[in-house]
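S.K.: Sequence:
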Amino acid sequence: MRSLFFVLTAIFLVGCTSLRDKQAKQPQPDSLMAVAAITIEGMACQAGCADAIQKNLQLLEGIDSAEVNYENGEALVVYIPTKTNPDIIQETITNTKVKDYVYLIKNITINTKPLE
Numbered sequence: 001m002r003s004l005f006f007v008l009t010a011i012f013l014v015g016c017t018s019l020r021d022k023q024a025k026q027p028q029p030d031s032l033m034a035v036a037a038i039t040i041e042g043m044a045c046q047a048g049c050a051d052a053i054q055k056n057l058q059l060l061e062g063i064d065s066a067e068v069n070y071e072n073g074e075a076l077v078v079y080i081p082t083k084t085n086p087d088i089i090q091e092t093i094t095n096t097k098v099k100d101y102v103y104l105i106k107n108i109t110i111n112t113k114p115l116e
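Here the sequence shown is numbered in this note's numbering, starting from 1 and rising by one per residue.
Source of the hints: derived by calculation from the structure; they are not laboratory data.
Treat each hint with caution, since some may be false.
[Unchecked claim] Simulated restraints, written as ranges between beta carbons of each label pair: (1) Lys113 with Gly48: 28 to 36 Å; (2) Ala47 with Lys113: 25 to 33 Å; (3) Pro81 with Leu59: 27 to 35 Å; (4) Ala47 with Thr82: 15 to 23 Å; (5) Ala37 with Thr82: 19 to 27 Å; (6) Gln46 with Thr82: 28 to 36 Å; (7) Pro114 with Ala44: 32 to 40 Å; (8) Gly48 with Pro114: 32 to 40 Å; (9) Val78 with Cys45: 21 to 29 Å; (10) Pro114 with Gln46: 15 to 23 Å; (11) Asp100 with Val78: 26 to 34 Å; (12) Gly48 with Asn107: 33 to 41 Å.
Predicted, not measured: the structure shown is a model, and the values here were computed from it.
C-beta: ideal position from N, C-alpha, C; glycine also.
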């Protein structure tokens with residue numbers, strides 16, 4: 001009778017561990033990152049416009065990284081969707097002030113991926 005108890009207990013524990021491992025491998029909403037590729041019009045140079053936009057993006061909560069490139073007119077922003085969103089990112093870009101330049105979002109593409 002004792003050995004049956006131990007066998008059943010072992011089977012139960014292995015089954016629970018297997019289920020827990022499967023659940024851990026599934027991406028949870030808080031463990032997702034999003035990558036936004038944003039085309040920006042209106043930048044005049046790297047040192048002023050692009051760097052100012054990049055600095056403002058990096059100050060946002062939930063931003064993992066932000067790179068703004070004047071030459072190709074693009075920003076690449078990696079962020080945590082539960083902490084910020086594309087509307088806040090776009091608003092930060094268009095509200096950045098350098099002289100009288102006006103920045104417009106021409107296109108935005110968003111992809112999500114599990115946190116590494």
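S.K.: Output the indices of the hints that this structure fails to meet, ascending.
M.R.: 3, 4, 10 and 12
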